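Construct the complete structure from the given sequences, taking the supplied hints into account.
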Amino acid sequence: MADQLATSSETWRDTPPAPRVSSDLMIDRTLPPRARLQAWRLRHRLRQERAETYYAESRHPERGLPVAGNASAARFLGRLLTTRRARVAGVIAFNAAAAIAGLLVPRMLGDLVDLVSAGESAAAVVDSIILAVVGVVLVQSVLTFAARRASAVLGYDLLASAREEVVGTVLRLPLGKVEAASSGDLLTRITSDVSKMSESIRWALPQFLISIVTVLATIGALLLNSWFLALPVFVTLTVLFLATRHYLAHAMQGYITEGGTYSRINSTMTETVDGARTVEALGLAGRRIDAVDEDIEESNQAERYTMSLRNLFFIWLDISFQFPLIAVVILGTWGYSQGWVTIGQITAAAIYAQGLIEPMDRLIQVFDRLQVGMAGTTRLLGIAEMPDDRTPGEQRPEGTDLAGRDLRFAYREGTDVLHGVDLELQPGERLAVVGPSGSGKSTLGRLLAGINRPRTGEVDVGGVDVMGLPLDVLRTEVALVTQEHHVFVGTVRDNIVLARDVQLRPEEVDPAVIAALEAVDAWEWVEKLPQGLDTMLGHGRHRLTPAQAQQIALARLVVADPHTLVLDEATSLIDPRTARHLEGSMATLLDGRAVVAIAHRLHTAHDADRIAVVIDGRIAEFGSHPELLELDGEYARLWRTWRS
Amino acid sequence: MHDFPPRVDAYAPTATARPDTRSPSAFLWWTLRQQPDVIAVNVLFGLLWMLPGTLSPFLLGKVIDIGILRGDLRATLGWAGLLTVVVLIGAVGGIAQHTMAVRGWLIALYGTQKLVVRKAGQLGHVLSRRLPTGEVLSISSSDSDIFGAAFEIFCRGISALFAFFLVCGLMFGTSPELGWVVLIAAPLLVGATSPVLRPLNAAQTAERTQNGELTSMATDIVSGLRILRGIGGEATFGSNYDQQSQRVRRLGVVTGTWQALAETLGVLLAGLLLVTLVWLGSHQMMAGELTVGQLISFVGYAVFMVWPLQTFFEFAQKWVRALVSARKAIALLDTELPLAEGDGVLAPAPRLRDLASGLVVEPGRYLAVVSADPEDSAALADRLGRYLPGAAPVTGEDEDLKGRAARRARAERDARRAAAAAADAEAGHATWGVEADGVDYSRLPLAELRNRIVVSDTGSQLFAGTLQTAVDPHGSHTRAQAEAALRTAAAEDVYAGLPGGWQGRIDELGRGLSGGQRQRVVLARALLLDPEILVLVEPTSAVDAHTEARIAERLPEHRRGRTTVVITASPLMLHYADEVALLEEGRVVARGSHAELLATDPRYRQVVARGMEEDE
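Order-wise, the sequence lines are chains A and B.
Sequential numbering from 1 applies to the first sequence in this note's numbering.
Sequential numbering from 1 applies to the second sequence in this note's numbering.
Bear in mind the hints are in silico, worked out from the structure with no lab data behind them.
Given the structure is predicted, the values throughout are model-derived calculations rather than measurements.
Yeah, the Cβ is synthetic: ideal placement off N, Cα and C, and Gly gets one too.
Take these hints with a grain of salt, some might be off.
[As the list claims (entries may be wrong)] Have a look at the derived ranges for each label pair, beta carbon to beta carbon: (1) A:A74 with B:R505: 27 to 37 Å; (2) B:I184 with A:L248: 40 to 50 Å; (3) B:L388 with A:H539: 21 to 31 Å; (4) A:T545 with B:L388: 23 to 33 Å; (5) B:T458 with A:G420: 33 to 43 Å; (6) B:L88 with A:S337: 24 to 34 Å.
Listed below in structure tokens is the structure:
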């Protein structure tokens with residue numbers, strides 16, 4: 001075998017790696033003011049570059065699941081909205097009505113001020129106008145309630161459809177990808193990205209409608225009140241538009257980078273706390289503190305970047321929000337002296353101008369959140385972009401014999417881990433596959449179970465290519481049994497009927513489940529559970545012992561009833577006592593089925609009908625236990641050490 | 001002035017900082033006291049930031065009365081100029097305040113995180129005996145943020161108080177009657193939502209609980225996805241998820257309805273306040289007691305006054321929340337190391353004797369220990385390494401409990417925690433029961449023990465980084481040494497499989513490596529550390545027989561001349577040991593070579609050769 005450490009001298013680093021935060025980013029307080037400003041500009045640019053790189057990397061992850069483009073996220077949201085046209089229209093109509101009612105109040109109060117300051121009205125007239133205003137306020141309140149409630153109904157409805165669709169997509173992921181991908185990435189997407197998307201769909205979309213309607217209505221009211229006094233608002237809108245566009249162009253990258261730095265602190269901290277004993281045993285406390293401090297330094301840089309972005313943005317925001325008031329006053333004085341506007345119009349314009357601040361501010365927040373939600377959504381939609389390598393055909397297997405020929409497979413292009421393996425399994429036979437780690441024995445198991453498509457050759461069951469079978473047919477032919485015995489949140493019945501939840505009629509389910517439980521010796525304890533088959537299992541519910549969980553896993557296979565099982569180290573993680581307890585249940589399951597056992601322990605091999613010794617992606621030795629001992633090769637050598 | 005990230009020097013022998021953990025409020029004040037300068041500056045800038053809000057109604061009124069109504073453009077420009085100046089001061093003050101608020105917030109946040117990692121480093125294995133991992137992490141990830149928020153609201157609250165008095169002064173100077181109206185109505189406006197707050201909170205809690213349930217269903221689906229796609233069940237669990245999703249949607253609509261009601265109440269009362277002011281004001285105007293400008297000023301005051309009052313409300317809420325967080329932080333930071341420090345001398349190549357089992361570890365030998373019960377061997381490794389035996393942390397605060405029940409549950413948990421700590425301290429200070437050259441561990445310096453006796457057990461963990469840092473975390477060994485360790489642990493395939501070799505990425509907890517690969521990297525790391533005494537617990541339990549045979553063969557050669565204890569039941573490993581000790585009921589019942597014991601001791605055969613006997 002070639003020396004696997006051949007490149008060691010090239011990749012070993014004799015000097016400690018450079019700090020992750022470069023010294024250019026450190027603040028030098030001794031510089032004169034002008035130089036400090038320059039230094040800040042340099043830092044801001046470096047931080048911006050860092051954010052852009054980080055963002056770009058997060059969009060195109062080297063490993064893990066793909067990320068969809070912005071256009072597909074927009075299409076997704078668009079589709080959600082267009083399937084609910086009536087609700088969207090309702091939200092817009094109610095909000096517009098509420099906004100208009102709200103805008104009538106300042107206008108009426110302005111008229112009142114005009115009346116009073118003209119000094120010719122009676123108290124009765126004033127009071128009747130006031131009474132009318134009270135009426136408008138009441139109507140406005142009712143409309144506001146209707147508008148906000150309609151928005152909530154729409155938001156929650158959109159959200160529910162969106163998350164159900166995402167989970168549906170996850171449940172349709174290609175089998176090969178599910179087996180290959182680490183569940184971490186998928187888990188992050190299904191938890192944190194769904195919550196980001198939720199926020200954006202549930203809060204931001206309705207708020208967007210509310211704010212935009214309010215802003216437009218207020219501008220309309222300003223124009224109706226006095227186009228002359230409305231002019232300053234357009235200046236504000238222009239400045240705001242430019243400032244916001246600049247801010248949003250950088251903000252998302254900044255916040256995503258910042259969020260990333262906090263996840264990093266969290267994961268370093270998690271490792272340290274989880275592995276506190278290892279830290280103590282190896283004297284790593286100092287290293288861990290340095291690691292967290294360096295993570296914090298990175299986070300500090302990301303925080304400083306977004307802080308500067310906000311500061312640069314806020315200055316425009318503060319000034320442009322307040323500017324219309326000053327301008328209205330000055331224009332008002334001029335207009336009043338010329339007789340173009342009344343004092344009431346000035347009052348109303350001042351109130352409208354102030355009233356614009358809140359919805360515009362919210363609109364900016366909405367854009368901010370929509371951006372973040374968009375980023376989450378693209379990652380969620382990315383899940384759906386994984387191509388399936390399965391091409392279900394019409395042919396169905398005849399017979400139960402399994403054969404693979406010329407099997408080659410590569411995880412990375414150009415490096416085959418299997419080099420043309422041929423293997424024929426006789427019905428009901430027990431075959432053990434042994435070999436060192438990395439020799440390709442698990443890969444062989446996955447090809448035989450029809451999980452991955454081999455690069456060359458094919459695996460046939462009953463004369464049909466396994467990759468050409470639909471999943472629900474494949475499951476009743478060959479099943480891969482791994483060390484996992486996950487218990488789902490659900491009833492005992494839900495946990496067992498899995499393979500045939502669509503095929504069985506409702507009245508057939510219970511008998512099938514009970515028969516399976518009986519077969520694995522589990523019916524006795526299940527029957528005694530408080531609600532029998534309806535007992536809820538899983539996280540936070542009724543807890544099973546590891547042995548019981550294993551029995552549930554076996555019962556699932558009994559229901560699936562495949563004629564061939566591929567066991568991948570199925571019992572190695574169970575402690576010996578549990579394993580012995582399960583041997584009986586296991587025997588019932590294996591009885592009458594062909595079994596390919598990928599074994600760690602030699603006694604598994606010893607018990608098998610035939611043994612395949614896989615070394616470096618090839619079957620090096622093949623035969624029964626005595627035959628292999630006779631052969632006096634690798635297997636025999638190992639066996640003797642084991643037995644000595 | 002203090003800046004972020006703060007320098008934190010605590011929980012080390014030479015520490016200069018000592019958080020005040022006597023009570024939650026003492027701790028909160030301590031965090032504030034870390035940056036008095038930032039607080040002062042923050043309050044000052046906060047006031048400048050609020051200046052436009054407080055003064056612009058007044059200035060606007062002046063403009064209208066003096067400028068517009070009299071048609072005096074000069075006067076208008078003067079007052080408008082003043083207004084402009086105030087707005088500019090506000091904008092600059094806003095930026096300065098924001099900068100300082102971020103600074104103080106992050107000093108509190110990063111400072112807490114740094115305290116947590118330092119405490120975790122100090123406590124080591126004791127940490128998991130006190131607090132569940134999740135609780136420690138939530139101090140670092142969420143409570144730290146709450147301390148930041150408490151700092152920010154503390155400063156903003158003080159600024160708001162000043163602003164409040166300023167506006168009160170302006171109002172009462174113009175019209176006491178209207179001043180009273182605003183002063184009474186503003187708190188009403190702030191408190192108006194309180195009748196719906198209780199049902200709103202209840203609805204939010206219900207929604208959050210069911211939403212948590214929904215998230216855990218999604219997590220459950222992903223965790224079991226291999227099974228769902230491999231064996232089936234997509235229809236069942238997909239529809240379970242959809243049902244729960246619809247349940248959450250309905251609860252969300254209930255929450256949304258209460259929220260809409262709260263918002264409506266706000267709109268209604270704000271509208272009515274405006275109407276009341278204008279009504280009273282216009283009557284006063286008709287009576288000649290008030291000018292138009294003054295009336296408009298009052299409308300502005302009424303709008304502004306809601307804000308400081310809301311800030312006070314926010315202050316109360318956030319302070320209470322911060323006290324809860326402070327209590328959680330204290331539970332961690334108050335924990336002390338329960339092991340006694342001795343000043344005895346640990347001579348080179350000591351001979352160890354464990355009194356409980358009667359095991360003697362001779363220096364320089366390669367000893368294997370076999371036990372019928374895995375728990376006995378784990379306990380033995382703990383004793384040899386001076387680790388308190390594994391125990392679950394004390395938990396038990398039910399989030400759903402409220403009021404008195406919650407306080408009682410908390411008091412109970414605190415009492416149990418204190419009892420566990422006291423028991424540990426007692427065990428840690430009493431005679432330990434393992435002697436090095438006849439000196440009990442409790443009379444030896446702990447750091448010295450940790451340095452010279454290393455236990456690598458089945459819970460040993462890998463940390464994210466490169467393969468080089470995973471194998472050589474201290475960065476203190478040469479390439480040749482690292483290669484040798486990797487070869488002995490038969491982990492060359494890990495090197496070959498990682499793009500980038502030594503610089504290849506290891507993910508957190510070694511995720512991405514198989515169980516066997518992870519175990520071999522852990523072994524390589526322990527070997528490279530090259531301690532005088534190395535205790536390995538089941539070092540090859542996840543490794544296949546071929547690879548295990550290679551490790552078993554290379555290990556004794558690698559450790560030649562140093563003391564090694566391997567706890568294992570694998571015949572491949574036992575075959576190469578200098579000597580094997582058999583443990584039964586926690587006591588050594590037989591010693592000898594693997595071959596001898598196999599030939600002479602039926603108890604040994606039964607433990608070691610399990611699974612092979614049956615077929616013979």
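Whether the CB-CB distance between A:A74 and B:R505 falls inside 27 to 37 Å: Holds, since A:A74 and B:R505 (Cβ atoms, about 34 Å apart) stay within the stated range.
Range hint 33 to 43 Å (beta carbons of B:T458 and A:G420) holds or violated: At 39 Å between Cβs, range holds.
Hint check for A:S337 and B:L88 - Cβ pair distance inside 24 to 34 Å: holds (27 Å)
Whether the CB-CB distance between B:I184 and A:L248 falls inside 40 to 50 Å: This hint holds: roughly 42 Å between Cβ atoms.
B:L388 versus A:H539 beta-carbon gap, inside 21 to 31 Å or not: At roughly 29 Å between Cβ atoms, A:H539 and B:L388 fall inside 21 to 31 Å, so the hint holds.
Distance restraint hint 23 to 33 Å, applied to the beta-carbon atoms of A:T545 and B:L388: holds (27 Å)
Checked against the numbered hints listed earlier, the structure breaks none of them; every hint is satisfied.
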